[in-house]
Amino acid sequence: MGFFQRLKSGLAKTRQAFTDRIRDVLGRRKIDDEVYEDLEDILLGADLGVSTTEALLSALMKEAKRKKLETADQLIPVLRDLILETFAGNEPVESNVGKGMTVILVVGVNGVGKTTTIGKLAHHYLASGKKVLMAAGDTFRAAAIEQLVVWGERAGVDVIKQNQGADAAAVIFDGIQAAKARSADILICDTAGRLQNKAHLMEELQKIHRIIKREVPDGIHEVLLVLDATTGQNAIVQAKMFNEVAELTGIILTKLDGTAKGGVVIAIKQELNIPIKWVGVGEGMDDLQPFSEQEFVEALFEQV
Amino acid sequence: MFDTLTNRLQGAFQRLRGKGRLTEEDVKEAMREVRRALLEADVNHVVAKEFTDRIREKAVGQEVLQSLTAAQQVVKIVHDELIELMGGTQEKIARASKPPTVVMMVGLQGAGKTTAAAKLARYLLTQEHRRPLLVAADIYRPAAIDQLKVLGEQVNVPVFSLESGAKPQEIVQSALAEARRGGYDYVLVDTAGRLHIDDELMHELDDLVTIASPEEILLVIDAMTGQDAIHVAQSFHERLHLTGLVLTKLDGDTRGGAALTVRHVTGCPVKFVGTGEKTDALEPFYPDRLASRILGMGDVLTLIEKAQATFDEKEAKDLEAKIRRNEFTLEDFLNQLRQMRNMGPLDQLLGMIPGMNKLKQQLEGKSIDESQIGKVEAIILSMTKEERQKPELVMKSSSRRVRVAKGSGTQVKDVNQLLQRFEEMRKMMKMFSGPGGKRKMRGIGDLTSAMQGGSNATQTRTHRHKKKR
Chain V
176 MGFFQRLKSG
186 LAKTRQAFTD
196 RIRDVLGRRK
206 IDDEVYEDLE
216 DILLGADLGV
226 STTEALLSAL
236 MKEAKRKKLE
246 TADQLIPVLR
256 DLILETFAGN
266 EPVESNVGKG
276 MTVILVVGVN
286 GVGKTTTIGK
296 LAHHYLASGK
306 KVLMAAGDTF
316 RAAAIEQLVV
326 WGERAGVDVI
336 KQNQGADAAA
346 VIFDGIQAAK
356 ARSADILICD
366 TAGRLQNKAH
376 LMEELQKIHR
386 IIKREVPDGI
396 HEVLLVLDAT
406 TGQNAIVQAK
416 MFNEVAELTG
426 IILTKLDGTA
436 KGGVVIAIKQ
446 ELNIPIKWVG
456 VGEGMDDLQP
466 FSEQEFVEAL
476 FEQV
Chain P
31 MFDTLTNRLQ
41 GAFQRLRGKG
51 RLTEEDVKEA
61 MREVRRALLE
71 ADVNHVVAKE
81 FTDRIREKAV
91 GQEVLQSLTA
101 AQQVVKIVHD
111 ELIELMGGTQ
121 EKIARASKPP
131 TVVMMVGLQG
141 AGKTTAAAKL
151 ARYLLTQEHR
161 RPLLVAADIY
171 RPAAIDQLKV
181 LGEQVNVPVF
191 SLESGAKPQE
201 IVQSALAEAR
211 RGGYDYVLVD
221 TAGRLHIDDE
231 LMHELDDLVT
241 IASPEEILLV
251 IDAMTGQDAI
261 HVAQSFHERL
271 HLTGLVLTKL
281 DGDTRGGAAL
291 TVRHVTGCPV
301 KFVGTGEKTD
311 ALEPFYPDRL
321 ASRILGMGDV
331 LTLIEKAQAT
341 FDEKEAKDLE
351 AKIRRNEFTL
361 EDFLNQLRQM
371 RNMGPLDQLL
381 GMIPGMNKLK
391 QQLEGKSIDE
401 SQIGKVEAII
411 LSMTKEERQK
421 PELVMKSSSR
431 RVRVAKGSGT
441 QVKDVNQLLQ
451 RFEEMRKMMK
461 MFSGPGGKRK
471 MRGIGDLTSA
481 MQGGSNATQT
491 RTHRHKKKR
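Each protein sequence line maps, in turn, to chains V and P.
For the first sequence, the working numbering begins at 176 and goes up steadily by one.
For the second sequence, the working numbering begins at 31 and goes up steadily by one.
Treat the hints with care, as some may be off.
Under the rule of at most 27 Å between Cα atoms (straight-line distance), these lysine-lysine pairs were calculated in the DSSO-like manner [what the hints assert, rightly or not]:
#	chain 1	residue 1	chain 2	residue 2
1	V	LYS242	V	LYS205
2	P	LYS415	P	LYS352
3	P	LYS79	V	LYS205
4	V	LYS382	V	LYS306
5	P	LYS352	P	LYS420
6	V	LYS382	P	LYS352
7	V	LYS388	V	LYS306
8	P	LYS106	P	LYS79
9	P	LYS308	V	LYS415
10	V	LYS388	V	LYS305
11	V	LYS382	P	LYS308
12	V	LYS306	V	LYS355
In case anyone wonders, no lab produced these hints; they're calculated from the structure.
Could you build the full structure based on these sequences and the hints that come with them?
Below, the structure written as structure tokens:
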């Protein structure tokens with residue numbers, strides 16, 4: 176399966192839930208308040224959030240008036256374009272990789288799938304001919320280091336590590352030195368999950384970020400926030416807070432293979448303009464795919 | 031955690047409060063605001079709509095609107111409905127008539143099952159004085175079994191596992207035999223995270239249920255979950271007949287609407303909530319208290335319970351006597367600080383005190399830095415015993431102040447500030463212990479402003495003595 180199909184199959188449930196309901200709702204009904212209310216339910220149910228939903232619907236109403244649309248099914252292409260607009264300027268995935276040593280710092284709250292995603296990322300870059308190293312910066316959660324080591328074995332990538340309870344910044348520092356010594360192309364750094372309202376943990380992250388910038392001044396710094404697609408509106412706060420301490424360069428949306436729709440990334444893109452770079456669509460090594468806004472939005476509206 | 035929802039609701043009712051008698055239109059307007067607030071808190075949109083419709087009906091249908099205290103009455107209706115929505119009373123964990131009681135933890139990947147299982151084991155061991163056995167049945171996620179073993183060691187509960195290659199069915203079967211042999215009265219099964227639409231893995235859970243016939247099947251669900259919570263909860267419930275829910279990561283700043291949703295759609299009670307990364311951060315869930323908290327009425331009961339669990343009663347009496355005699359010393363102050371820290375993060379505690387929500391927000395931007403306490407601790411510990419008893423000694427001597435500052439890695443300014451605040455506090459406490467309710471209230475205001483001043487002034491400097499997690 177090529178990545179295109181995989182992304183599609185990952186998004187299939189998103190698409191299906193979304194489009195099934197849209198079809199139920201719309202059809203050739205005459206456009207009235209009820210149609211907009213039903214559309215509102217669909218967008219809210221996909222985790223787009225109140226503000227984004229309201230903004231999209233009011234834009235949609237304006238367009239419908241301007242274009243003198245009459246039936247509900249005519250609204251879909253317009254709504255699709257409106258959503259697509261919010262992804263304008265979404266950078267392609269590899270933009271920051273390939274010019275000298277790249278350090279990828281992977282951050283996020285607890286349980287979003289950081290370690291799993293890092294395993295997949297390592298596999299991806301290894302497969303594209305890069306020399307990859309990983310640093311086990313989650314020194315807090317029990318057995319997080321072991322988990323990364325298993326992924327390292329699967330992908331065939333070395334893991335720089337210390338013991339549980341060690342200073343995370345020191346592990347990352349070691350990782351950087353090792354990456355320099357072995358002239359690795361890419362160093363991927365795991366970090367402990369942290370809730371964004373824990374000041375001391377966010378400070379720790381800031382410190383790690385500072386060390387990377389200091390130790391690899393000429394390199395490329397990627398800071399990727401891993402977001403769980405099942406997360407609701409709190410994802411916006413997560414993106415804001417992590418961006419404040421570590422200058423995010425992108426978002427990885429995981430667990431899109433469930434029934435969650437991940438619609439909150441639309442609000443994040445709109446509010447913070449952080450590009451969505453990857454989507455996680457399963458537990459296999461290959462189940463990490465570049466995010467394509469075209470695909471994402473097309474998939475939402477297919478078959479309508 | 032529910033702060034923003036609280037604020038929204040309060041905002042909506044502020045307008046009603048100013049009014050006296052209400053019209054139907056007033057209530058409608060307020061309910062629109064409530065619905066918005068619920069949606070932003072990730073309450074499912076269908077649930078939110080039903081909820082507000084029901085309140086509107088009740089409010090409009092009764093003599094409420096004619097009453098002079100209409101706004102308060104509407105708030106009461108919302109409060110009652112919130113409790114209702116979250117399931118009325120607190121529900122305890124089941125206990126089988128013939129041990130062992132089997133508890134299965136199920137849920138999506140990353141919800142926090144393994145951590146919750148270990149916390150529950152600790153809770154059963156320390157609070158209920160049971161003998162639990164943890165069972166590692168997550169054979170899929172790399173190092174999941176190791177994780178449970180490490181956690182088991184931390185909480186002093188044995189962990190049952192089999193060599194790699196064993197199926198979850200075999201693991202559970204053998205664990206049950208082991209539990210009977212070892213005389214364990216609880217068996218806590220940590221299952222692998224799985225998608226509710228993954229038929230193969232859901233089938234595995236069916237098997238485990240058949241083998242173990244658990245008294246409790248607890249769905250562990252992340253409090254940050256969005257609209258999808260409804261699908262997850264429904265699917266797991268239809269398939270397995272859940273008996274309860276564990277809501278995790280409530281120590282974040284999520285508004286936690288998932289709590290309202292899952293309870294409502296499954297009819298299963300939320301039995302526990304996870305409120306931190308440490309293994310003791312698991313609390314029984316009290317819907318009435320949480321409803322009060324959402325409405326900004328504070329959660330005094332939890333606070334009192336926490337205080338009771340932490341403070342020694344005799345010590346408290348001694349302290350009271352000391353305060354009366356104005357003998358409160360820096361040493362006592364330090365003890366107080368330490369005990370307070372044992373009760374949990376400061377900002378969490380503040381949220382439980384009625385009326386303190388506003389203060390909490392003011393502090394939030396500046397963040398109540400726990401390291402502040404560490405700093406105060408360092409300063410006090412750098413004083414001699416005598417100085418701690420008689421702070422005036424330090425106050426009067428600049429060489430002593432310089433020495434203390436050096437010893438604690440702070441600046442003289444910090445030492446001065448601490449001494450000043452301590453003096454103010456001592457005066458206030460004297461007042462506190464005297465008769466008269468109003469004066470006491472004023473005391474609380476002073477105390478909090480003193481705290482705030484402190485965290486402002488010292489914020490920009492780097493701290494030593496960081497609090498380790």
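Item checked: In rising order, the numbers of the hints this structure does not comply with -> 6
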